[in-house]
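Trainee: Chains as they are written, first to last, in our numbering: chain A, 1110 to 1387; chain B, -15 to 253.
Just so you know, these hints were derived from the structure itself, not from any lab.
Some clues are possibly wrong.
[To be verified] Some chain B residues close to chain A (C-beta under 7 angstroms, calculated; not the full set):
1) E40
2) G42
3) Q68
4) V71
5) K122
6) L240
7) I243
[As the list claims (entries may be wrong)] Here are the simulated SDA-like pairs of lysine to any residue, each with C-alpha atoms no more than 25 angstroms apart in a straight line:
8) B:K145 with A:A1375
9) B:K145 with A:T1131
10) A:K1309 with B:K145
11) A:K1279 with B:F239
12) A:K1279 with A:D1350
13) A:K1279 with B:R90
14) B:K220 with A:N1354
15) A:K1279 with B:K171
16) B:K220 with A:D1350
17) A:K1309 with B:P100
18) A:K1309 with B:F3
19) A:K1279 with B:R109
20) B:K171 with A:T1380
21) B:K171 with A:S1384
22) B:K145 with A:E1191
23) B:K145 with A:F1276
24) B:K145 with A:T1380
25) A:K1279 with B:L60
26) B:K145 with A:D1350
27) B:K145 with A:R1138
28) A:K1309 with B:N6
29) B:K220 with B:L60
30) B:K171 with A:W1320
31) B:K145 with A:N1354
32) A:K1279 with B:I235
33) A:K1279 with B:I238
34) B:K145 with B:A182
35) A:K1309 with B:R10
Beta carbons are placed, not taken as given, at the ideal position from N, Cα and C, and that holds for glycine.
Here's the letter readout for the chains.
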Amino acid sequence: MNSMTSPSFSGDPVAPLRREWTRHTPGQRLSRFAVWLCCVAAVVWAVRSIDIIPEFLADAPEQMADLLIRMWPPNVAHYYPEVHHALIETLHIATLGTLFCFVLAVPLALMAARNVCTIRPLNVAAQFSLVASRSVNSLVWALLFVAIFGPGAAAGVFAIAFRSVGFVGKLLSEALEETSHGPREALRAAGASWGAEMLKGVWPQVQPAFWGIALFHWDINVRESAVLGLVGAGGIGLVLDDAINFFQWDRVSIVLLAILAVVLVAEVIVTRLRSRLL
Amino acid sequence: MSATSAPPSSADAARRVAFAPNWPMRLALLALAAYAVWASSQLGLSWGRLAHGLGEGGQLLGRMVPPNFERWGLLLEGLLESLQIAVLASAVGIALSLPLGVLAARNLSPWWISGPVRAVIAVCRSLHYVIVAILFVKAIGFGALAGTAALVVASIGFIAKLFAEAIEEISMKQVEAIRATGAGVMKVLAYAVLPQVASRFIGFCLYQLDSNLRNSTLVGIVGAGGIGGTLFAAFKRFDYDFVAAILLAIIALIFLAEIISGRVRAALR
Chain A
1110 MNSMTSPSFS GDPVAPLRRE WTRHTPGQRL SRFAVWLCCV AAVVWAVRSI
1160 DIIPEFLADA PEQMADLLIR MWPPNVAHYY PEVHHALIET LHIATLGTLF
1210 CFVLAVPLAL MAARNVCTIR PLNVAAQFSL VASRSVNSLV WALLFVAIFG
1260 PGAAAGVFAI AFRSVGFVGK LLSEALEETS HGPREALRAA GASWGAEMLK
1310 GVWPQVQPAF WGIALFHWDI NVRESAVLGL VGAGGIGLVL DDAINFFQWD
1360 RVSIVLLAIL AVVLVAEVIV TRLRSRLL
Chain B
-15 MSATSAPPSS ADAARRVAFA PNWPMRLALL ALAAYAVWAS SQLGLSWGRL
35 AHGLGEGGQL LGRMVPPNFE RWGLLLEGLL ESLQIAVLAS AVGIALSLPL
85 GVLAARNLSP WWISGPVRAV IAVCRSLHYV IVAILFVKAI GFGALAGTAA
135 LVVASIGFIA KLFAEAIEEI SMKQVEAIRA TGAGVMKVLA YAVLPQVASR
185 FIGFCLYQLD SNLRNSTLVG IVGAGGIGGT LFAAFKRFDY DFVAAILLAI
235 IALIFLAEII SGRVRAALR
């Protein structure tokens, strides 16, 4: 993309060498400038109209230091049994939620993949429900399910499942759409039923993607399930909420450390399993 | 495999099964099913409870329909505040992530810098943004500023890591060439590193803006500003028809953002 000042071929033989090169055409420069202007305008608008209370901002470092001092040292006495059991419950919620999410996501993904299900309205319906599931945050799902099942781990499991269906279903249907048609055709020619075609023709092709998605989402769900308790959906978030409401900051810090440890361990496990499985 | 070594005898061929059963997989699935049953009993999930819940769910849906858009002023105010939080958090988060990403890249900075920076990024990523928002609400007080700060932390944890990974994958030849001309650190960054990663950076930034928008609709639940506060208040007062209106508005906003960022990404490609 370059423009130059009018090249003249008459007279001076080195005139073409004195062309002035620029990287962008004026139009491009204008559009780049417009994009930057939009970005800056958005930020300025946000800064000017957001509620910032200067007094709060001024004593923020002081408050932060106060918070950290109250949190230190973490009180280990609070760990067993309460935090420990809550942690186990969180892991159960994450794992069961992931399992249940796959129960819902596999049929939806089969319906959404255009090469598996050839009925257009079903494709669109499945895609729409996946988008809706993705757009509602896990805590909002948790609020809804707390209203349905009452406070407790059941609401947490369903919230995790309904939230991850959107992501898992989208990824799975993309993996399904990338499969090659050959094995299926061969099986069909040999007289295989639809189930056998899926199991022996499609499943081996999507299997690596499937395990990758499952591990990745289990890891995400462990993080997510740690906060579900804030709205009453069970797990360690409940203990955290309690501790914060009672201003027991040394208990808060032990809960935070426990969450941090579990999240890091889950990440390590997932990385290990992934490198062994895939 | 017998096919590659010796030609199989006819008896061998007869014994071979077309699709051999995969016993380890079957056992693993069985174990998973057993775990699911055991864990559900631990959490107190039972069919009776599910059936009861379904009835309650029907009632809840009945109270949510039709959505009530009467208080649209409140709704719009919350949505705009969420949008502001997302824009501001993305801008500050990206601005902070650029230097952190360069410092965390192991091919550009020495290990005694990249190690600690990587640790900071890992901690930012490990703590859920709602938990960070609670801590900031305590430190800075209620309001949009706490939510913005929490999302800045989350953005750093996410894009600084991606920035660092992208920088680690660049070709070092251009860096060497620019260095050989006697350029300083900033010039090496500007002329050798950034041109190689700029397009991927823009992709990450768009993705982060998208996910900040999703998350900013939520931080209000812990008092950190945005539509989440309105949603939580409506929930607590059992205004389920207003809840439905808010949820529909959030879904529409996020859907719109997804479409716009998809368009921009397609235009960049």
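Trainee: Does each hint fit the structure? Answer for all of them.
Mentor: To see whether the hints hold, each was checked on the structure:
{"no.": "1", "hint": "E40", "in the structure": "holds (5 angstroms)"}
{"no.": "2", "hint": "G42", "in the structure": "violated (9 angstroms)"}
{"no.": "3", "hint": "Q68", "in the structure": "holds (4 angstroms)"}
{"no.": "4", "hint": "V71", "in the structure": "holds (4 angstroms)"}
{"no.": "5", "hint": "K122", "in the structure": "holds (6 angstroms)"}
{"no.": "6", "hint": "L240", "in the structure": "violated (11 angstroms)"}
{"no.": "7", "hint": "I243", "in the structure": "violated (11 angstroms)"}
{"no.": "8", "hint": "B:K145 with A:A1375", "in the structure": "holds (18 angstroms)"}
{"no.": "9", "hint": "B:K145 with A:T1131", "in the structure": "violated (35 angstroms)"}
{"no.": "10", "hint": "A:K1309 with B:K145", "in the structure": "violated (39 angstroms)"}
{"no.": "11", "hint": "A:K1279 with B:F239", "in the structure": "holds (15 angstroms)"}
{"no.": "12", "hint": "A:K1279 with A:D1350", "in the structure": "violated (33 angstroms)"}
{"no.": "13", "hint": "A:K1279 with B:R90", "in the structure": "violated (34 angstroms)"}
{"no.": "14", "hint": "B:K220 with A:N1354", "in the structure": "holds (18 angstroms)"}
{"no.": "15", "hint": "A:K1279 with B:K171", "in the structure": "violated (42 angstroms)"}
{"no.": "16", "hint": "B:K220 with A:D1350", "in the structure": "holds (17 angstroms)"}
{"no.": "17", "hint": "A:K1309 with B:P100", "in the structure": "violated (48 angstroms)"}
{"no.": "18", "hint": "A:K1309 with B:F3", "in the structure": "holds (8 angstroms)"}
{"no.": "19", "hint": "A:K1279 with B:R109", "in the structure": "holds (24 angstroms)"}
{"no.": "20", "hint": "B:K171 with A:T1380", "in the structure": "violated (37 angstroms)"}
{"no.": "21", "hint": "B:K171 with A:S1384", "in the structure": "violated (38 angstroms)"}
{"no.": "22", "hint": "B:K145 with A:E1191", "in the structure": "violated (34 angstroms)"}
{"no.": "23", "hint": "B:K145 with A:F1276", "in the structure": "holds (21 angstroms)"}
{"no.": "24", "hint": "B:K145 with A:T1380", "in the structure": "holds (16 angstroms)"}
{"no.": "25", "hint": "A:K1279 with B:L60", "in the structure": "violated (30 angstroms)"}
{"no.": "26", "hint": "B:K145 with A:D1350", "in the structure": "violated (30 angstroms)"}
{"no.": "27", "hint": "B:K145 with A:R1138", "in the structure": "violated (31 angstroms)"}
{"no.": "28", "hint": "A:K1309 with B:N6", "in the structure": "holds (12 angstroms)"}
{"no.": "29", "hint": "B:K220 with B:L60", "in the structure": "holds (20 angstroms)"}
{"no.": "30", "hint": "B:K171 with A:W1320", "in the structure": "violated (44 angstroms)"}
{"no.": "31", "hint": "B:K145 with A:N1354", "in the structure": "violated (34 angstroms)"}
{"no.": "32", "hint": "A:K1279 with B:I235", "in the structure": "holds (17 angstroms)"}
{"no.": "33", "hint": "A:K1279 with B:I238", "in the structure": "holds (16 angstroms)"}
{"no.": "34", "hint": "B:K145 with B:A182", "in the structure": "holds (15 angstroms)"}
{"no.": "35", "hint": "A:K1309 with B:R10", "in the structure": "holds (15 angstroms)"}
Hints 2, 6, 7, 9, 10, 12, 13, 15, 17, 20, 21, 22, 25, 26, 27, 30, 31 from the earlier list are contradicted by this structure; the remaining hints agree with it.
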